[in-house]
Amino acid sequence: MKEVAIIGGGVTGLEAANKLAQLGYTVTIFEREKTPGGHVAQWDRLFPNRRNSMEVVNEFKSHLNGNPAIFLSTAIDKISRKGARFTLEAKGKSFDADAVLIATGFELFPAEKKEEYGYGIYDNVITSAELEAMFKEHGYPVTKSGKQPQRIAFIHCVGSRDEKVSRPYCSKVCCVTAVKQSIEVKEAIPSAEIYCLYMDLRMFGPGYEDLYKEAQQKGVNFLRGRLSETSELEDGRVLIKTEDTLSAKPLKMSVDLVVLMVGMSPAEGTSELIAGLDLKPNKDGFVEIIDQHINPVKTKAEGIFTAGACTGPNNITDSVNAARSAAIEIHQYLSSK
Amino acid sequence: MIDFGYTPMPITVHNMDKADLSLAKWLAERDETFNHCISCGSCAATCTAGKFTDFSFRELTHSIRRGEISKAFSESEKCMLCGKCILVCPRNVNTRNIVMLIRKANQIFKP
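In order, the protein sequences belong to chains A and Y.
Note that my numbering has the first sequence beginning at 2, numbered continuously upward.
Note that my numbering has the second sequence beginning at 886, numbered continuously upward.
If you are wondering where the hints come from, they were derived from the structure by calculation, not from laboratory data.
There's no promise every hint is true.
In silico lysine-lysine, DSS-like type, Cα no more than 30 angstroms apart, as pairs [as the list claims (entries may be wrong)]:
1. Y/K910 to A/K214
2. A/K299 to A/K3
3. A/K35 to A/K94
4. A/K242 to A/K214
5. Y/K956 to A/K219
6. A/K242 to Y/K910
7. A/K253 to Y/K903
Simulated DEER-style distance windows between Cβ atoms [claimed, not checked]:
8. A/E188 to Y/H947: 24 to 32 angstroms
9. A/E34 to Y/V973: 46 to 54 angstroms
10. Y/H947 to A/R52: 31 to 39 angstroms
11. A/T318 to Y/T938: 31 to 39 angstroms
12. A/Q43 to Y/V973: 39 to 47 angstroms
13. Y/H947 to A/E269: 41 to 49 angstroms
14. A/K250 to Y/F994: 20 to 28 angstroms
15. A/E116 to Y/K956: 51 to 59 angstroms
Built from N, CA and C at the ideal position, the CB exists for glycine as well.
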């Protein structure tokens with residue numbers, strides 16, 4: 002039976018593995034973290050319908066029954082071509098495969114790089130991921146001093162559409178995530194006053210625009226302007242400054258909590274990993290695919306496929322579709338060999 | 886005192902800590918479509934009154950949302966209630982009703 006190695010045990014890797022195992026291949030997933038599910042497993046609820054994210058992760062995980070098999074805490078350091086097959090190396094171990102799927106996903110933009118936003122400097126500046134962790138832990142956000150915030154600002158495009166931090170691309174999912182989170186905060190703390198500071202609202206998916214309208218109905222305020230800087234006030238609250246571009250006037254306000262909508266950055270180590278196969282990342286640092294329209298899951302290296310957010314910012318729907326597409330491409334490749 | 890011809894600059898910064906959002910809240914409570922605006926400007930672009938005056942429904946409601954209500958009532962008087970803006974609004978904002986509400990609010994809120 003031909004063997005397929007999948008690097009990354011997020012929703013993309015899990016779903017591709019499931020489909021390839023159904024097609025009759027021996028499939029092994031290599032996941033560098035202790036648990037499968039990737040970033041989705043870290044999230045509390047998903048846009049646009051706010052379902053529990055573990056529902057989705059558990060569905061994909063339920064197919065892990067020996068084939069596909071998964072190695073956890075196993076980071077692949079090197080892939081090399083050996084004849085018509087590949088050798089994958091992890092700390093002291095090596096594995097062989099007939100085809101490889103790169104599904105290493107993404108990393109959240111390190112918010113401290115936007116130093117003027119005060120992340121890591123001021124107590125009440127957090128990231129969207131930290132807000133999800135708060136929802137997971139107690140269902141509502143808290144300030145550093147343990148209080149329920151009464152005024153919250155969501156800052157869109159942190160590490161997206163920003164050439165100053167070498168992230169010129171849009172991360173796609175942060176707009177709708179901010180809208181989702183703003184509704185969740187409003188439901189958890191109805192008296193809270195919420196402002197979303199955006200550049201554009203990119204509500205591209207089904208149900209996203211409805212979610213935006215729902216946020217407006219619930220009284221979330223949308224303010225077009227990019228955050229210029231934050232400063233900490235004596236009581237630990239945060240002063241934010243921006244331009245209200247719709248009235249062409251500078252604007253300032255103090256808030257209890259600032260949530261930075263961190264974008265998707267290329268996963269650490271992936272470009273080094275593919276370098277061994279003579280593959281270069283694309284201009285944004287993600288894994289390069291052969292053709293955006295005609296073949297979005299193939300790489301230039303024969304036998305090496307890729308899917309999910311390692312090819313660029315993706316939502317779960319796109320990642321799962323790419324995973325299934327990659328499974329078919331791998332099946333065709335291995336059948337013709 | 887010598888008059889040098891200089892006066893203090895008017896404060897142009899929106900300070901949301903001091904903004905009076907009572908009218909915005911009052912309007913949203915009476916017509917929830919007040920909050921549905923996406924600032925596209927369709928209303929202002931099609932406005933009959935806007936052809937001859939500087940009236941803009943978008944600007945009017947936007948400044949109410951930023952707590953600038955001193956001019957809201959006189960601005961609302963410029964509207965001719967033709968209703969073209971209702972026809973073009975992609976978010977179904979009940980624009981004419983909101984203008985009427987602002988005029989009504991003038992009797993309740995005394996700026």
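- Message: I want to verify a distance hint. Is the separation of the beta carbons of A/Q43 and Y/V973 within 39 to 47 angstroms?
- Response: Roughly 43 angstroms apart at Cβ, these two residues keep to the hinted range, so it holds.
- Message: Next pair to validate is A/K35 with A/K94; report whether the Cα-Cα distance is within 30 angstroms.
- Response: OK: A/K35 and A/K94 at ~17 angstroms, within 30 angstroms.
- Is the distance from the Cβ of A/E116 to the Cβ of Y/K956 consistent with 51 to 59 angstroms? violated (39 angstroms)
- Is the distance from the Cβ of A/K250 to the Cβ of Y/F994 consistent with 20 to 28 angstroms? holds (22 angstroms)
- Given the hint that A/K242 pairs with Y/K910, test it: the Cα-Cα distance must not exceed 30 angstroms. holds (23 angstroms)
- Message: Holds or violated: Y/K910 and A/K214, Cα atoms, limit 30 angstroms.
- Response: Between Y/K910 and A/K214 the Cα gap is close to 17 angstroms, so the pair holds against 30 angstroms.
- Is 31 to 39 angstroms right for how far apart the beta carbons of Y/H947 and A/R52 are? Given about 35 angstroms between the Cβ atoms, the range holds.
- Query: Does the Cβ-Cβ separation between A/T318 and Y/T938 fall within 31 to 39 angstroms?
  - Reply: 48 angstroms Cβ-Cβ, so the 31 to 39 angstroms window is violated.
- Query: Taking only the CA atoms, is the gap from A/K299 to A/K3 under or equal to 30 angstroms?
  - Reply: holds (19 angstroms)
- Is it true that the CA of A/K242 sits at most 30 angstroms from the CA of A/K214? holds (26 angstroms)
- A/E269 and Y/H947 - C-beta distance against the hinted 41 to 49 angstroms: holds (43 angstroms)
- Task: Please work out if Y/K956 and A/K219 have their alpha carbons no farther apart than 30 angstroms.
- Result: holds (27 angstroms)
When the structure is compared with the earlier hints, violations turn up for hints 11, 15 and for no others.
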